[in-house]
Amino acid sequence: MRRALAITLGLVLAVGASLAGPGTAQAQKEIVIGIQCDRTGATQTVGVYICPGAHDYIKLVNFRGGVEGHKIKAIEIDHEYKVPQAMEAYERHKKEGAVSIFLYGTPQTQALTAKLTEDRIPGTSPGFGTAAAADGTKYPFIFPIAATYWSQGAAAVKFAKDQLGGSLKGKKIAFIYFDNPAGREPLPVLEDLAQVEGFQLKTFAVPPPGIEMGAQVLDIAQRFRADFVIAHLFGRSPSVSIKELKRAGYPLRKVVSFVWGSAEADIEAAGGWAVAEGYNTMQFAGVGPNYPVLNEIREMYKKEGKEPPKEMASTVYYNRGVLIAALHVEAIRNALKAKPGGNITGADVKAGFEKIKGFTMGGLVPPLEISATDHEGGGWVQIFQVKGGKFEKQTDWFKSYPEVIAKHVKAAK
Amino acid sequence: MIHRESGILKTTYEADMALYPLPIARWTVAAIALFMFLVLPLSVDDYYLSIVNLISIAVIGALGLNILVGYTGQISIGHGAFMSVGAYTAANLAVRFGMPFWIALPAGGLMAALVGAVVGIPSLRIKGLYLAIATLAGQLIIEWTINHVTWISGGVQASIQVPRPDLFGLPIATQRQMYFFLLVFVVLAVVGTLNLIRSRIGRAFIAIRDHDIAAEIIGIDIFRYKLLAFAVSSFYAGVTGVLYTYYLGIANYEQFQITVSIDYLAMIIIGGLGSVLGSIFGAIFVTLLPIVIRLTMESFGDLLFSPGAVLNTIPNLRLILFGVLIIFFLVVEPEGLNRLWRNIRSYFRVWPFAY
Chain A
1 MRRALAITLG
11 LVLAVGASLA
21 GPGTAQAQKE
31 IVIGIQCDRT
41 GATQTVGVYI
51 CPGAHDYIKL
61 VNFRGGVEGH
71 KIKAIEIDHE
81 YKVPQAMEAY
91 ERHKKEGAVS
101 IFLYGTPQTQ
111 ALTAKLTEDR
121 IPGTSPGFGT
131 AAAADGTKYP
141 FIFPIAATYW
151 SQGAAAVKFA
161 KDQLGGSLKG
171 KKIAFIYFDN
181 PAGREPLPVL
191 EDLAQVEGFQ
201 LKTFAVPPPG
211 IEMGAQVLDI
221 AQRFRADFVI
231 AHLFGRSPSV
241 SIKELKRAGY
251 PLRKVVSFVW
261 GSAEADIEAA
271 GGWAVAEGYN
281 TMQFAGVGPN
291 YPVLNEIREM
301 YKKEGKEPPK
311 EMASTVYYNR
321 GVLIAALHVE
331 AIRNALKAKP
341 GGNITGADVK
351 AGFEKIKGFT
361 MGGLVPPLEI
371 SATDHEGGGW
381 VQIFQVKGGK
391 FEKQTDWFKS
401 YPEVIAKHVK
411 AAK
Chain B
1 MIHRESGILK
11 TTYEADMALY
21 PLPIARWTVA
31 AIALFMFLVL
41 PLSVDDYYLS
51 IVNLISIAVI
61 GALGLNILVG
71 YTGQISIGHG
81 AFMSVGAYTA
91 ANLAVRFGMP
101 FWIALPAGGL
111 MAALVGAVVG
121 IPSLRIKGLY
131 LAIATLAGQL
141 IIEWTINHVT
151 WISGGVQASI
161 QVPRPDLFGL
171 PIATQRQMYF
181 FLLVFVVLAV
191 VGTLNLIRSR
201 IGRAFIAIRD
211 HDIAAEIIGI
221 DIFRYKLLAF
231 AVSSFYAGVT
241 GVLYTYYLGI
251 ANYEQFQITV
261 SIDYLAMIII
271 GGLGSVLGSI
281 FGAIFVTLLP
291 IVIRLTMESF
301 GDLLFSPGAV
311 LNTIPNLRLI
321 LFGVLIIFFL
331 VVEPEGLNRL
341 WRNIRSYFRV
351 WPFAY
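Protein chains in written order, with this note's numbering: chain A, 1 to 413; chain B, 1 to 355.
No lab work stands behind these hints, which were simulated from the structure alone.
This one's a predicted model, so the numbers in the text were calculated from it and none came from an experiment.
Just to be clear, a hint being listed does not mean it is correct.
If you want a taste of the chain A side facing chain B, the calculated C-beta under 7 Å gives, among others [to be verified]: (1) Ile75; (2) Asp78; (3) Arg92; (4) Lys95; (5) Arg120; (6) Leu187; (7) Glu392.
Here chain A is said to cover these stretches of chain B; the calculated rule only asks that three of the stretch's residues, wherever they fall, bring their Cβ under 8 Å from a Cβ of chain A [said to hold, decoys possible]: (8) 16-30; (9) 119-130; (10) 315-321.
Note that the Cβ used here is the ideal one computed from N, Cα and C, for glycine as well.
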């Protein structure tokens, strides 16, 4: 008992010491970015690549002398894909003086929207979050900066149309989706497009955790006999869908997946590149190891005498991390240009985001045009196909049905 | 709480049931109130208050679950869902009808109480693990319903943005304002539970927990009190859900999934079943531990690992440490932190004469 007491007291002391520990003053003129991450929660397969990508880009910026002479400090907090933890992480970032926040996860983004607006700190939600946030007048401090689920849905329909010979009249399209709010978000846009293009849309819900979808796939392939399949799945389920579609004998070149079922890890988990041959993936960042910025990161590690990190092998997620960090840095650069001296606030960085235009990093970033009204920047995507053991580019950057998306964005509450 | 009488010298029932057994108890409570209402909010910054706010919400939920599990001996794995019932009720009332929080909040609690009582009906026929599975079914049904019925969930996104609560025209938005807002409900919940337990109802709950057949024989209406326990407990859960909703500004079913039910069970088991103080300890422990581990590792992690590795190690090590510490505390004292606290007190009561 006495020993237990001693240990308890020791722990209490340790707790006290650690509470007093952090939060020490930052060196002057350092600019802080908050990174929320999920390396251990429901979507850890994404977080373990996307976050190192972001850190490496910021490291590269600092290695080259910072932004307009200011170093950037990225503080990462893992929120396990949980909302209360995300709130705690946000308060911590705010305390450290973050001028922009790299959000992660749809429910987390929604929960922090009100706070970010009140505190006037911009947050980015690339490829997730609320699609209606593309409207910068309604959501002034949320920046989707990449194609929302609505734009992804429109792009998938456009791609299907091109693949099926330019017309969708009387065709049958199956939409297989993860049955959670994020999974259902594209439904209204797809239903609208079914009217516009005259195709028959049938939806197939996959209940969480999404590793059981034999029945739905069999229905798609043999009863409904879809002409094209649009898949919107998360976590382990994209790989299961590839396996099941293959087993049902459905041609994978007639399948296109949204951005979160499109990584190397999904292909490998499905049984390898040979199995997934033909599978089409949608991307909001360039895929592959051959972009100038990636070479610079490799060189930086070489100069430090280190190997480039193994996370670089997952080019889909790593490149997305680089893209998101690069856009944050670019927004900060714009803010610093407008207000030299380094005393920038969240509102300045928001204005900086709204000036991003023609920043393509050699093709890694789409030709975004972010403005005060359009926080999505156009809704650009690229389609890459699995071919001969790697992702091969199928289309260039394209945006689809902007008038339909605009109508939905406008109608959203 | 931190004091102790020097012997059992009570001669009346009133003295035995008193909320403050000794005059010093009154002073302790006054000191704690002073600390919570003045010293703490004036001395720390928003970040630490945001942690305290998360703890405050968790305390109310843990108290509610403890009434059911700790005091009445029934189990529920559906409390996450009861919270979502409260959250969506309040969100719909606040958004569709513009109700202020002082109507939406009790309404959310009452709706959760109603749903909880219905989910609790199987408790009349089954106990223990069987009841656990029945309430688990309740959790899944409620989750599914909220997820799919857009009339409740407000659209395919299943999330409703809720305006900030306001009091006499003053919006409650910052962490500090939110702290006082939540503290009022924590006080109500703690005092309410303390009084509930020493009342006729609370004693009936305890009798049912200790032996339900014996309780029935001495005249306790099992049917009524078991359902009442479910209703009261779910009311607390519903209020917790409403407070989460107002705190985050959004009702979202993804934050009330089954892992939340498990988290709250963990809180009361670690804190101590059947004790108010234990619920508070458990809520603090489960909320604070991950944060403390992270802050500690951020401070000292650089000594052991490279910066890149720290980022990858912290979250994983935190999960492992969290599990290890829970096991450690339960091995040291299976009856929870509350018992540990009482052991420490009784140790110092006779100190330095241990025998």
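Return the numbers of the hints above that this structure violates; sort them in rising order. 1, 5, 7, 8, 9
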